[in-house]
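With chain A fixed as given, assemble chain B onto it according to the hints.
Residues per chain are reported as follows:
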Amino acid sequence: MRNKTGVRSQKSGVRKKYIIFAVLLFFFSGGAALAVDVNDLIFQGADFHYKGKLDEAIGKFQAAVRIDSGNEYAHNQLGILYAKKERFGDAFQEFSRVVQIDRRNTFALLWLGILHLRQNDLNNAFEKFQEIVKIDPDNADAYYYLGAIYNFRHNQAKAIEYLKKARDADSGEADTHYRLGKAFHNVDMVYNALLEYDRALELKPSYTAAINEAGWIYYNQGSYEEAIGEWKKTLRINPGDGDAIFNLAKAYNDLAWKALAAGNRKEAVTYWKKTLGVNPSNKAAKYNLEKYGK
Amino acid sequence: MDRRLFLNLLGKGVLASSALGIFPSLVWGKTSFDYALEGQNLIQSGNYDGALKVLKEAVRLDPQSDWTFGLLGRAYRGLGRKAEAVDAFRQAVRLNPEDVYSRMMIEIMTQKPIPKLKKVKKPLTPLERNALEEEKRMLSRLQSDEGLEYQVKRVVIDAGHGGFDSGAVGLNGLKEKDVNLDLAKKLHQRLQSGGEVKAFLTRTEDYYVPLSDRTVIANQYQADLFISIHINANKNREAHGSETYFCAEKASSKEAARVAALENAVLKYDKPFKKRPGYIDIEEILFQFERKLYWSESGKFAGGFQDRFKQGLPLKSRGVHSANFYVLRTAKMPSILLETGFISNSNEESMLKQPAFREKIVDAIMRGLA
Chain A
10 MRNKTGVRSQ KSGVRKKYII FAVLLFFFSG GAALAVDVND LIFQGADFHY
60 KGKLDEAIGK FQAAVRIDSG NEYAHNQLGI LYAKKERFGD AFQEFSRVVQ
110 IDRRNTFALL WLGILHLRQN DLNNAFEKFQ EIVKIDPDNA DAYYYLGAIY
160 NFRHNQAKAI EYLKKARDAD SGEADTHYRL GKAFHNVDMV YNALLEYDRA
210 LELKPSYTAA INEAGWIYYN QGSYEEAIGE WKKTLRINPG DGDAIFNLAK
260 AYNDLAWKAL AAGNRKEAVT YWKKTLGVNP SNKAAKYNLE KYGK
Chain B
158 MDRRLFLNLL GKGVLASSAL GIFPSLVWGK TSFDYALEGQ NLIQSGNYDG
208 ALKVLKEAVR LDPQSDWTFG LLGRAYRGLG RKAEAVDAFR QAVRLNPEDV
258 YSRMMIEIMT QKPIPKLKKV KKPLTPLERN ALEEEKRMLS RLQSDEGLEY
308 QVKRVVIDAG HGGFDSGAVG LNGLKEKDVN LDLAKKLHQR LQSGGEVKAF
358 LTRTEDYYVP LSDRTVIANQ YQADLFISIH INANKNREAH GSETYFCAEK
408 ASSKEAARVA ALENAVLKYD KPFKKRPGYI DIEEILFQFE RKLYWSESGK
458 FAGGFQDRFK QGLPLKSRGV HSANFYVLRT AKMPSILLET GFISNSNEES
508 MLKQPAFREK IVDAIMRGLA
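So the sequence lines, in the order shown, correspond to chains A and B. Start counting the first sequence at 10; every next residue gets the next number (the working numbering). Start counting the second sequence at 158; every next residue gets the next number (the working numbering).
Keep in mind that a hint or two might mislead.
Taking CB as the label site, the calculated pair distances span [what the hints assert, rightly or not]: (1) A:233 to B:198: 55 to 61 Å; (2) B:481 to A:290: 48 to 54 Å; (3) B:286 to A:96: 32 to 38 Å; (4) A:231 to B:445: 55 to 61 Å; (5) A:143 to B:354: 53 to 59 Å; (6) A:60 to B:285: 23 to 29 Å; (7) B:353 to A:68: 41 to 47 Å; (8) B:362 to A:233: 51 to 57 Å; (9) A:112 to B:438: 44 to 50 Å; (10) A:231 to B:440: 30 to 36 Å.
It is worth saying that the hints were derived from the structure and are not from the lab. If you're wondering where the values come from, they're calculated on a predicted model, not measured in any experiment. Idealized CB from N, CA, C, for every residue including glycine.
Extracted from the complex, chain A is given alone in its bound form (with noise of 0.2 Å):
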């Protein structure tokens, strides 16, 4: 997820020159008044890093903040970069100094959040996004992470408040749509639970969590076979999908009881057939298979 905290797509790009070109323009169009030399450094970093090689990248960071300390893109570079490798208590410690230099760097009290994250310490992890959303309060990622953390202790009403306030200010992750469709889908709002699914969908087709989620809003509602497609979708994406094997087994056990109990056994038999289709390990319906199939 979320691009802008520069953890995804570490493939190297392989338009270089273009990189060349573009990074250049940003540093002299810009007005850097830093050493021309630092910024060769940073660019270095930056080239290594996105082609994965982290310790390459590492030893260029490291030169450029020895000569530029100040440097807060340099340090939050090295932070992620020890993140990669996990050197955590490292990452930490760079972070940290980019917030000594300014205390305005969301980007590093993100960060500085998330390894509170990491190491379970939710109190101070809240702390840091709070921090954030004083300082930004259009900052959609502490939003995000805000939002998160309400989901994760069930209190849906804060979760919707932040949630939205990370839409709102950033509409392009996948993730926010669908966390705060679960908010949404927990306090029975479904439409407009099945809308941020959507938004979810339309910006990451494959995200299968939200296509297994919109089942049960239509499963629950009745729309037995859309919710059958929906969880079939997700077979198509990713056929190991879990989830999506549990929900079709489950729909289709119920479904076969539904069929015994109008006294249609040759439906039940099928919708069994097709519960051990999906899990063959489902004993309920190797069970029934046995008893009613014959």
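Positioned in the frame of chain A, the structure of chain B alone reads:
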């Protein structure tokens, strides 16, 4: 037509179509690529206004070009319009996640606050209209608490075993599955009538529900708490009392491991997360955090629950234990498994037969949930 003439015409046709392919602008006017190229040149010469104009045209003609959006971002940045620049760079990254330059620009520019981008209002779709109506109707009714206290508004009650799986059977023939169902139904009714908590059952009759289906039901209803009701059994007929379990990787004792083994009997679908080197998946950090949180929350809840549950019940409290129960493992919410006595103990079996004692157990569960 003879062969020579045919080849001659074919040759001319290929030549003409190649020319169109290479220089389509000669015949059809400027393409998105032409505008983008012109925009790039204008950026290089520092004419950002001019670049913006032609790049907007390029985007209009081809809204799927990450290259054009990257250029658009640069033009906006040159004009000091940071919000628009970041938005364009984000669009470029969405179209091409490998667009490293746009990614770097986003990272650099969003290190610190940038102005908010004004959004263009579009006409509402039918679903958006329904959602808006629903929001007006329902959102104001939601109570919002500031604290980080875990909130329970929906409970899924699982009556263990059922159908061909009778669970443990007492010396006098009492079946665990029947007691579990009766207790679950009574608890369901009590919670529903309270009006503050929504309750759902995993089974309403005597039929078998696979373990996997039970937590699927909890997920189906977006439950805040999953409670699985069971009656214990032991070869030692003297064993007695109630206990509460929660999920953990390692069992807290050999006895806890035995109880979990008794309840676990399905294929495991869980696949361990394979971490790629040099890659941090934030959603995975959140997922792992959420899972640990639910398990630790289950532990905390189980402790408090058992303390309240044991009060007023003529059952010895055997305390709280943890083990890797499949039925709890896949739940996406805190979950506990309650053993409300030993059916293998003749004294407890006879108590469990009595409707009045079952009411007392339900009272105790309600107290435990409070």
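Going down the list of hints, with the structure as the test:
1. A:233 to B:198: 55 to 61 Å: Holds, at about 59 Å.
2. B:481 to A:290: 48 to 54 Å: violated (18 Å)
3. B:286 to A:96: 32 to 38 Å: With a Cβ separation near 51 Å, residue 286 of chain B and residue 96 of chain A fall outside 32 to 38 Å, so the hint is violated.
4. A:231 to B:445: 55 to 61 Å: Taking Cβ atoms as reference, residue 231 of chain A and residue 445 of chain B lie about 36 Å apart, which means the hint is violated.
5. A:143 to B:354: 53 to 59 Å: 35 Å Cβ-Cβ, so the 53 to 59 Å window is violated.
6. A:60 to B:285: 23 to 29 Å: 42 Å Cβ-Cβ, so the 23 to 29 Å window is violated.
7. B:353 to A:68: 41 to 47 Å: violated (59 Å)
8. B:362 to A:233: 51 to 57 Å: violated (20 Å)
9. A:112 to B:438: 44 to 50 Å: violated (28 Å)
10. A:231 to B:440: 30 to 36 Å: Holds: the Cβ-Cβ distance is about 32 Å, inside 30 to 36 Å.
Hint compliance for this structure: hints 2, 3, 4, 5, 6, 7, 8 and 9 are broken, all remaining hints hold.
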